[in-house]
Amino acid sequence: MQLPFKLVISTPETGKAIQYELDDTKTNYLVGKKVGDIVEGDALGLPGYKLKITGGSDAAGFPIRPDVHGSGRKRVLLHGPPGFRSKRSGDRRRKTVRGKELSTAVSQVNVRVEEKGTKPLEELVMKTA
Numbered sequence: 001m002q003l004p005f006k007l008v009i010s011t012p013e014t015g016k017a018i019q020y021e022l023d024d025t026k027t028n029y030l031v032g033k034k035v036g037d038i039v040e041g042d043a044l045g046l047p048g049y050k051l052k053i054t055g056g057s058d059a060a061g062f063p064i065r066p067d068v069h070g071s072g073r074k075r076v077l078l079h080g081p082p083g084f085r086s087k088r089s090g091d092r093r094r095k096t097v098r099g100k101e102l103s104t105a106v107s108q109v110n111v112r113v114e115e116k117g118t119k120p121l122e123e124l125v126m127k128t129a
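Position 108 of the sequence shown, counted from 1, bears residue number 108 in the working numbering, the numbering being contiguous throughout.
If you're looking for bench data, these hints aren't it; they were derived computationally from the structure. A few of these clues could be false.
[Stated by the list, open to error] With beta-carbon atoms standing in for the labels, derived distance ranges: (1) 31 - 60: 39 to 49 Å; (2) 120 - 77: 35 to 45 Å; (3) 15 - 85: 26 to 36 Å; (4) 36 - 73: 12 to 22 Å; (5) 104 - 38: 33 to 43 Å.
Virtual Cβ for every residue (Gly too), placed ideally from N, Cα, C.
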């Protein structure tokens, strides 16, 4: 069973983030995309917008790392975020993280607005939510 994605859309010019829950058809569009990809907002119900995938996490809270290949969970040696924040310089830990490819196990996807559409984002999200 596939859970719906929660899309967290951040707008750099206002500094605000908007949460938007996607249905199954829109979720299927994101499966297989990778962190760093730019997706069309038309397929997500946001006409005219272009969004860049910046990260996310799965249902258990494991973060997506852009430098880990695949879509599954892996234990990797980390020295910085996402997934590990050291309290002192040079500290490294082996942590479980998820790969950069989006799969059905992902529950939250973080995106950033790269290109704005004609309608304001708040109006589109509130209308469909």
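Evaluation of the provided hints:
Remark: the range hint 39 to 49 Å for residue 31 to residue 60 is contradicted by a beta-carbon distance near 18 Å. Taking 35 to 45 Å as the suggested C-beta distance range, the pair residue 120 and residue 77 conforms, at roughly 43 Å. For residue 15 and residue 85, the hinted distance range of 26 to 36 Å is not satisfied, since their beta carbons lie about 22 Å from each other. Range check, residue 36 to residue 73: Cβ separation about 20 Å, and the 12 to 22 Å hint holds.
A C-beta distance of roughly 21 Å is found between residue 104 and residue 38, which places it outside the suggested range of 33 to 43 Å.
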